[in-house]
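J.: Got chain A; can you put chains V, U and G on it based on the hints?
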Amino acid sequence: MVNPNLRKSKVMGLKEAISKYVFDGATVSIEGFTHAIPTAAGHEIIRQGFKDLTLVRMTADIIVDQMLAANCISTLVSSFVGNSSAGSLGEIRRRIEESDPTHLEFKEYSHYGMVCRYLAGAQKLPFYPLKSYFGSDLPTINDEIRKVTSPYPNEDGSFDEIYVVPPVNPDVTIVHAQRADQWGNIQMWGLTGLQAEAVFAAEHSIVTVEEIVSDDLVRSDPNRTIIPSHAVSAVVEVPFGAHPSFTQGYYDRDNDFYRDWSAISGDKALLEQWLAKWIFETTDHSQYVEMMGEATRDRLKVGDAFSTPINYGSRIQ
Amino acid sequence: MVNPNLRKSKVMGLKEAISKYVFDGATVSIEGFTHAIPTAAGHEIIRQGFKDLTLVRMTADIIVDQMLAANCISTLVSSFVGNSSAGSLGEIRRRIEESDPTHLEFKEYSHYGMVCRYLAGAQKLPFYPLKSYFGSDLPTINDEIRKVTSPYPNEDGSFDEIYVVPPVNPDVTIVHAQRADQWGNIQMWGLTGLQAEAVFAAEHSIVTVEEIVSDDLVRSDPNRTIIPSHAVSAVVEVPFGAHPSFTQGYYDRDNDFYRDWSAISGDKALLEQWLAKWIFETTDHSQYVEMMGEATRDRLKVGDAFSTPINYGSRIQ
Amino acid sequence: METLAFSVDELLTVTAARELAGKNVVFAGIGLPTLAVSLAQETTAPNIEVIYESGVCGAHPSALPATIADSVLITDSEAVLNLASLFGYVLQGGRIDVGFLGAAQIDKFGNLNSSVIGEWENPSKRLPGSGGAHEVLANAKETFVIMRRHSERSFVEKVDFVTSAAPDMARAAGSRSKAKGVTRVFTQFGVLAREDVGQELQLTGIHAGIDVDTVIKSTGWNLKVHPNLEVIANPSAEELELLRTEIDPTGMYLRS
Amino acid sequence: METLAFSVDELLTVTAARELAGKNVVFAGIGLPTLAVSLAQETTAPNIEVIYESGVCGAHPSALPATIADSVLITDSEAVLNLASLFGYVLQGGRIDVGFLGAAQIDKFGNLNSSVIGEWENPSKRLPGSGGAHEVLANAKETFVIMRRHSERSFVEKVDFVTSAAPDMARAAGSRSKAKGVTRVFTQFGVLAREDVGQELQLTGIHAGIDVDTVIKSTGWNLKVHPNLEVIANPSAEELELLRTEIDPTGMYLRS
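So the protein sequences, as listed, match chains A, V, U and G.
As numbered in the working numbering, residues 1 to 317 make up the first sequence, in order.
As numbered in the working numbering, residues 318 to 634 make up the second sequence, in order.
As numbered in the working numbering, residues 635 to 890 make up the third sequence, in order.
As numbered in the working numbering, residues 891 to 1146 make up the fourth sequence, in order.
Bear in mind the hints are in silico, worked out from the structure with no lab data behind them.
One side of the interface only, derived from the structure: several residues of chain V facing chain G at Cβ under 7 Å:
hint, residue
1, 323
2, 324
3, 325
4, 439
5, 441
6, 502
7, 539
8, 540
9, 542
10, 629
DSSO-like cross-link-like pairs, simulated, lysine-lysine; straight-line CA separation at most 30 Å:
hint, chain 1, residue 1, chain 2, residue 2
11, V, 424, U, 792
12, V, 441, G, 1068
13, G, 1031, V, 325
14, A, 8, A, 20
In this text, all values refer to a predicted model and were calculated from it rather than measured experimentally.
Every residue gets a Cβ at the ideal spot worked out from N, C-alpha and C, and that includes glycine.
Just chain A, same shape as in the assembly (with noise of 0.2 Å):
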């Protein structure tokens, strides 16, 4: 019954969404379990020169990679470290190997860690429990796993401990979705991952979707909204802003990429040559989809799989 005239639309543009809810020294999530990774978000964040940024996100992949040598993170917390199963990354080991060009802080847990944590932030607890870390090496490097004592007894009268991480209540969260319409209302569908929690446990979020939908499509599949329209602070058009990663029914995930990623990352000047020609000397991400061309394009094109329609019913008066 909302008059659509009076109602405020999320819709922004990335530069207008990026320099509005990121700032130096920020806490930054960028979530995407390996499907819909928001690289344009990521790159625009570089672009705009950006520093001091904790960096939040379970799978640290190409795209913190990047960021790291465009020294826009002084903190990583995370939970892998690697480029999938396409080799290494170089940014990341040199700094942790070599402390080359300089340190890197890592917070380091395990995916199911990082998985409380945000579901700590999003709840708002002061802590969430997991039954992990017992005997692991990872509580003697992280001193946020901490242990809680169960109040309710054993058969035996004794009361368990349990392993707890802290809330994490990131800044700005950052994902990528398949479509949203202007009110911010997110629809995603495939893989997703832990996106709706990591904005629920955001002070900001944005969201940068292949389609702004009509009010009628999102509202004609509500069960598809995985993110509802009050947790959303902006909302952004960007086509192809998953790219090297994919977005499920839009485009599949360009493993030539991953593969070449090793060898740019592992050599400190074709990583420069590589954020000097793709992000500082790019306008924006239309720029980038552009030199992409069109061959990487359709060789990531995916054919038609439509799911069967169901029927919500309507009211018989």
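T.: Only chains V, U and G this time, still in chain A's reference frame:
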């Protein structure tokens, strides 16, 4: 790549499923938050005369009133005892207010306390923290609601306490949904409540559905599956299995029935007659549906409101 | 100008809608709160996103809903959340500006009882209980309460059972909640209000033709009257027009 | 009968598939584990439901996946879970019968290192880290490890860093985990196995033509040889046929 000739189907009849997984003294969870209440399964429990059940259900409504009247339940774990907005529940009130015919053991929570008990149960956690209960009388009448201290200090060095609830791990959880495939992949839309958490928390699970559908239909939209096959013990096709509640897109809520229930359950004799006619003297739910009559079934019909298909994409080789 | 005829329910709905001016995320129950939000969306608060306890966000129902889970709330809505997300991320996550509640009893600090009349162990009347009410009062930035019958039996010095605790009591018990608790109570006599924790609910607004003594006599605690007590303007022709022709054309809730 | 030619990867895949006999819910990584599960589904374990860390359940890929999140795993699958459900309800919920892992280092009790070579603070080589490996070893009923290069550098007396702790150590530290930890290690030389917590991994199976001393020399701890050491039967014609024509027809993983 599974060879379907070798894989085991989980399809069962309702009589068989209930007799296989429910037993006297069992802890049984029946969930469905106003939407998709597995009424038919509750009636079959009554028909088979199970006793001393600990019934776990957020909203103890008509089905609980009926199971109490049939003397199936000795302990109720719930956060709401009412006939939604349509008056009160005679049997529950008689047992609580007058111990008539016998006293009902009632473990009372708030809604989120119940949600957290299922969350702890599904995650096999010893407890689940929530920011509720400070200053309320609920912890004074329910000693399962306890406190733990956060290991993370505040600015002033103090450590906050927070309330926790224990896990619930039902012997069997019963829910209803729109459809499933023969392997027990459960697809649901509209209000999904905490059906998934209740099923994952349980040792066994029975899911009644309006339709058993083809593998292809389920697999055309994997994001619609809210409970995967491996968490389901038995899947049972029971059309109108949620009446008098509704199943989104299949039939609407029978508000007349809800209104009429206050008068029926307010009068012991009427209630006895109702149980006899609609449950004890029916062989199964199909007979109950037949007795509902065409006029009622027509009154509950819904029109079409189909979702727009989305594209999962296919690899172009 | 001619004076308009209106029902108590219309009066309560209009008064509540005016108080929603500028609010964004509202947790509404069925009935008058839903009508108040709808009216506010058309008048004082166009940006309101209404959220129901069932998990529906941004409902656009084709007919007035009979319950918070009515199928007409789901079809054509903007989002449907499961209960872990609704209670954990939205409510406890602190994203609700205003929550609407009712209760059988309320005290001067906004403690609410919806559990029992009498002793919990052996009540003279068993009520439905908390449902999500406890979490709404604990987590919404502020809570509006609608009480259609303002009487000494419902406005009491001490509630029989604290189902939903005022943040005043919660903080004293160790909570870090920043919720303000009950800030408005709408009754057939007027509006009781407070701005934050620690204050008593005072009579701040009174409906035309109501005698202050009647309100005081109908309140079980020593009700303070705000020095700037205002007489609440009657529903306007526009407000009544919207309610009667657009929002509840069949008079499903606004029976006169 | 003629002897068949096969690669080490084919040998490892077939050996692992045979060990999956009768298992139901398997948590698989990409590559050999996925192939082993596919082969088992066609032979020893038709009821296996394979689950990937990305959240995919019951995948029916149109092509071999390149990653655990490959789009071909999602399309036509039976279910997709978010990560809170996958790690919380499925893994920690104790629903995985067998988890597959790899590692840079393993010790005699099945403690795994996938974090660093050298000191964590200043490593000679930084490895990817836990990912979900820690949770798989902690929560799966048992874990199978595939190590393509059995050598003193990977089979060590003491791992440089315990990324994923054997339940033996976890229980000693206070865990109530009922997981058995690593029960099988598949290498180019054969199979190291143990049945439960507290036991050392022993050499229980050896591939045809491999010398026991070679295995012992290639192991950084004093490897015990099981009294009933068996020589593992070579891949059968049927197994190789399935792998080469149905499961990995393009030789994406099974390069000779």
